[in-house]
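Engineer: Here the working numbering = 1-based position in the sequence shown + 65.
Take the hints with a grain of salt, since some may be wrong.
To be verified - Taking lysine to any residue pairs in the SDA-like style, the calculated list, with each CA pair at most 20 Å apart, reads:
(1) LYS525 to ALA545
(2) LYS95 to SER509
(3) LYS520 to GLN85
(4) LYS398 to LYS334
(5) LYS192 to THR233
(6) LYS223 to LEU197
(7) LYS95 to LYS495
(8) LYS242 to LEU267
(9) LYS122 to HIS501
(10) LYS334 to ALA379
(11) LYS334 to PRO384
(12) LYS220 to THR233
(13) LYS182 to LEU302
(14) LYS527 to LYS192
(15) LYS517 to ASN533
(16) LYS269 to LEU302
(17) LYS357 to PRO384
(18) LYS177 to PRO163
(19) LYS171 to SER158
(20) LYS195 to LYS217
(21) LYS525 to GLU93
(22) LYS495 to PRO384
(23) LYS394 to GLU350
(24) LYS95 to GLY512
(25) LYS259 to GLY194
(26) LYS220 to LYS269
(27) LYS394 to PRO384
(28) LYS269 to ASP243
(29) LYS245 to THR263
(30) LYS221 to VAL190
(31) LYS278 to LEU166
(32) LYS185 to LYS269
(33) LYS216 to GLY256
(34) LYS398 to LYS525
What the hints assert, rightly or not - Label-pair distances were calculated between CB atoms; the ranges are:
(35) GLU230 to GLU83: 55 to 61 Å
(36) LYS236 to GLY256: 35 to 41 Å
(37) ASP325 to GLU93: 32 to 38 Å
(38) LYS298 to LYS527: 22 to 28 Å
(39) SER97 to TYR203: 50 to 56 Å
(40) GLU83 to SER270: 40 to 46 Å
Source of the hints: derived by calculation from the structure; they are not laboratory data. From a predicted model like this one, the values you see are computed outputs, not experimental measurements. Where is the CB? At the ideal position from N, CA and C, for every residue including glycine.
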Amino acid sequence: MNRQELTQGLTFDDVLLEPQKTNISPREVKTSTKLTRNITLNIPLVSSPMDTVTESKLAIALSLEGGIGIIHRNLSPKDQAQEVAKVKRYRNSFIENPVTLGPDQKIKDVVKIRQEKGYKNIPIVGKSGKLLGLITKYDYFWPEDEKLPIKKMMKKVKDLVTVPENTTLEKARKIIKDKKVPVIILVNKQGKIKSLVTRSDLEKSLHYPNASKDKQDRLRVGGAIGVGKEALKRAHLMAETGVDVLVIDTAHGHSQKVIDTLTTIKSNKDFKNIDIIVGNVATVEATRELIKYGADAIKVGIGPGSICTTRIIAGVGVPQVTAILNAIKGRGKSRIPIIADGGIRYSGDIVKALAAGADSIMIGQLFAATDESPGEITYYNGRMYKVYRGMGSLEAMTQGSRDRYGADKTDEADKLVPEGIVGQTLLKGKLSNHVHQLIGGLKSGMGYQGAKTIKELQEKSKFLQITNASLKENHPHDIAIIKESPNYQSND
Numbered sequence: 066m067n068r069q070e071l072t073q074g075l076t077f078d079d080v081l082l083e084p085q086k087t088n089i090s091p092r093e094v095k096t097s098t099k100l101t102r103n104i105t106l107n108i109p110l111v112s113s114p115m116d117t118v119t120e121s122k123l124a125i126a127l128s129l130e131g132g133i134g135i136i137h138r139n140l141s142p143k144d145q146a147q148e149v150a151k152v153k154r155y156r157n158s159f160i161e162n163p164v165t166l167g168p169d170q171k172i173k174d175v176v177k178i179r180q181e182k183g184y185k186n187i188p189i190v191g192k193s194g195k196l197l198g199l200i201t202k203y204d205y206f207w208p209e210d211e212k213l214p215i216k217k218m219m220k221k222v223k224d225l226v227t228v229p230e231n232t233t234l235e236k237a238r239k240i241i242k243d244k245k246v247p248v249i250i251l252v253n254k255q256g257k258i259k260s261l262v263t264r265s266d267l268e269k270s271l272h273y274p275n276a277s278k279d280k281q282d283r284l285r286v287g288g289a290i291g292v293g294k295e296a297l298k299r300a301h302l303m304a305e306t307g308v309d310v311l312v313i314d315t316a317h318g319h320s321q322k323v324i325d326t327l328t329t330i331k332s333n334k335d336f337k338n339i340d341i342i343v344g345n346v347a348t349v350e351a352t353r354e355l356i357k358y359g360a361d362a363i364k365v366g367i368g369p370g371s372i373c374t375t376r377i378i379a380g381v382g383v384p385q386v387t388a389i390l391n392a393i394k395g396r397g398k399s400r401i402p403i404i405a406d407g408g409i410r411y412s413g414d415i416v417k418a419l420a421a422g423a424d425s426i427m428i429g430q431l432f433a434a435t436d437e438s439p440g441e442i443t444y445y446n447g448r449m450y451k452v453y454r455g456m457g458s459l460e461a462m463t464q465g466s467r468d469r470y471g472a473d474k475t476d477e478a479d480k481l482v483p484e485g486i487v488g489q490t491l492l493k494g495k496l497s498n499h500v501h502q503l504i505g506g507l508k509s510g511m512g513y514q515g516a517k518t519i520k521e522l523q524e525k526s527k528f529l530q531i532t533n534a535s536l537k538e539n540h541p542h543d544i545a546i547i548k549e550s551p552n553y554q555s556n557d
């Protein structure tokens with residue numbers, strides 16, 4: 066046995082932040098942060114790549130609020146890439162190289178594209194590529210319409226608003242506003258279509274000014290991969306759909322297979338514009354080595370999640386505050402961003418994780434409780450719940466996540482050793498309302514610390530280790546709660 070002096074491990078309930086002198090109010094603070102080496106978020110929230118947490122619906126909702134969602138990998142590679150594509154096409158400024166159809170094709174072809182891809186405005190072009198018209202969702206309705214050729218139902222080019230291909234976005238917005246049209250089409254001198262601008266996309270920009278966007282004004286989204294050949298297949302498919310970041314998502318990130326996958330991806334020019342997050346780790350050495358091999362962010366957390374049993378089944382893990390501190394030490398002067406993954410129950414835990422040095426927070430259970438998560442709705446004692454399961458649960462491993470925990474794909478279900486459970490969490494409603502409470506709590510905590518930015522929070526904060534008696538005092542006590550709060554739920 067490697068005998069060593071035992072060290073102490075601390076988690077969120079073991080510490081508090083001492084209040085500091087301040088002249089900062091919560092409404093003045095800025096919550097922008099680095100997700101990876103090259104990606105900035107407006108709020109430090111990332112959704113976990115779990116099959117009861119993140120698919121396109123939740124990823125869209127979180128990105129609109131300024132965070133980012135990571136699509137889980139318990140889907141086929143093709144289906145996962147399609148989920149990424151749904152996020153990327155949800156909103157655009159200029160829709161370049163739009164899907165087009167010919168005038169002799171049928172309305173049923175339009176219906177198919179709308180059902181599969183969600184496109185509501187489809188340009189119609191001739192064999193030379195010249196714009197002939199536009200078909201919208203308002204141009205057909207009855208079932209018998211599907212048999213008709215598009216040219217009988219489409220709006221002719223003379224009835225459309227077309228502008229030169231070099232028209233700026235601001236000018237396009239003004240034209241849409243002044244002419245009260247749902248779409249304008251940018252064409253070149255030969256009359257060939259170059260791009261579209263739609264009113265619905267502009268409305269989304271106005272309603273969600275803090276949205277997390279790429280250089281093309283599309284929502285940001287990430288995708289999870291494992292290791293080996295299938296990971297590369299997933300990575301290529303998602304890269305083709307415009308994924309912003311890939312997450313090498315394993316239970317034990319400090320392994321040779323993870324390093325091999327990381328170096329393979331980083332050396333491939335197909336991924337030169339895509340950052341790579343690697344995890345999960347909890348030690349100084351793991352953080353240092355993964356950064357050495359090119360990681361653009363490190364995901365920290367071995368066993369802190371509410372549905373994770375790794376620490377009990379395997380006897381392995383590091384309490385989350387200590388794990389974050391280890392990662393900060395391991396990254397040294399590199400300033401590679403650290404993502405704290407797991408163990409968040411309240412907004413105060415987010416404040417503590419960021420104060421300890423994390424740059425962003427990955428959340429599972431709190432987001433699984435929202436309307437947008439893909440978890441099944443259940444009913445118990447007259448209340449609505451969402452199913453929430455660990456990716457190390459027997460059910461998730463059977464569906465496909467077993468390699469995350471080092472299990473062979475050929476293992477029978479009764480031979481698997483799960484490191485997670487299946488549970489249910491009380492349905493909390495829309496994600497936007499939940500995010501409002503979490504970020505409100507973060508801003509309040511930053512105000513108490515006199516910190517206008519997350520960087521200042523990390524520089525100014527002072528931790529205090531507390532006792533079990535103090536923890537009891539932290540929570541409402543000696544009273545029966547008769548009205549539920551939107552941001553507090555007792556563990557009893």
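Engineer: Does each hint hold? Answer for all of them.
Structural biologist: Hints versus structure:
no. : hint                         : in the structure
1   : LYS525 to ALA545             : violated (36 Å)
2   : LYS95 to SER509              : holds (12 Å)
3   : LYS520 to GLN85              : holds (15 Å)
4   : LYS398 to LYS334             : violated (27 Å)
5   : LYS192 to THR233             : violated (28 Å)
6   : LYS223 to LEU197             : holds (9 Å)
7   : LYS95 to LYS495              : violated (23 Å)
8   : LYS242 to LEU267             : holds (10 Å)
9   : LYS122 to HIS501             : holds (18 Å)
10  : LYS334 to ALA379             : violated (38 Å)
11  : LYS334 to PRO384             : violated (38 Å)
12  : LYS220 to THR233             : violated (24 Å)
13  : LYS182 to LEU302             : holds (16 Å)
14  : LYS527 to LYS192             : violated (68 Å)
15  : LYS517 to ASN533             : violated (31 Å)
16  : LYS269 to LEU302             : violated (27 Å)
17  : LYS357 to PRO384             : violated (24 Å)
18  : LYS177 to PRO163             : holds (15 Å)
19  : LYS171 to SER158             : violated (29 Å)
20  : LYS195 to LYS217             : holds (18 Å)
21  : LYS525 to GLU93              : holds (17 Å)
22  : LYS495 to PRO384             : violated (31 Å)
23  : LYS394 to GLU350             : holds (9 Å)
24  : LYS95 to GLY512              : holds (11 Å)
25  : LYS259 to GLY194             : holds (10 Å)
26  : LYS220 to LYS269             : violated (25 Å)
27  : LYS394 to PRO384             : holds (16 Å)
28  : LYS269 to ASP243             : holds (18 Å)
29  : LYS245 to THR263             : holds (11 Å)
30  : LYS221 to VAL190             : holds (11 Å)
31  : LYS278 to LEU166             : violated (29 Å)
32  : LYS185 to LYS269             : holds (16 Å)
33  : LYS216 to GLY256             : holds (18 Å)
34  : LYS398 to LYS525             : holds (19 Å)
35  : GLU230 to GLU83: 55 to 61 Å  : holds (59 Å)
36  : LYS236 to GLY256: 35 to 41 Å : violated (20 Å)
37  : ASP325 to GLU93: 32 to 38 Å  : violated (46 Å)
38  : LYS298 to LYS527: 22 to 28 Å : violated (48 Å)
39  : SER97 to TYR203: 50 to 56 Å  : violated (40 Å)
40  : GLU83 to SER270: 40 to 46 Å  : holds (41 Å)
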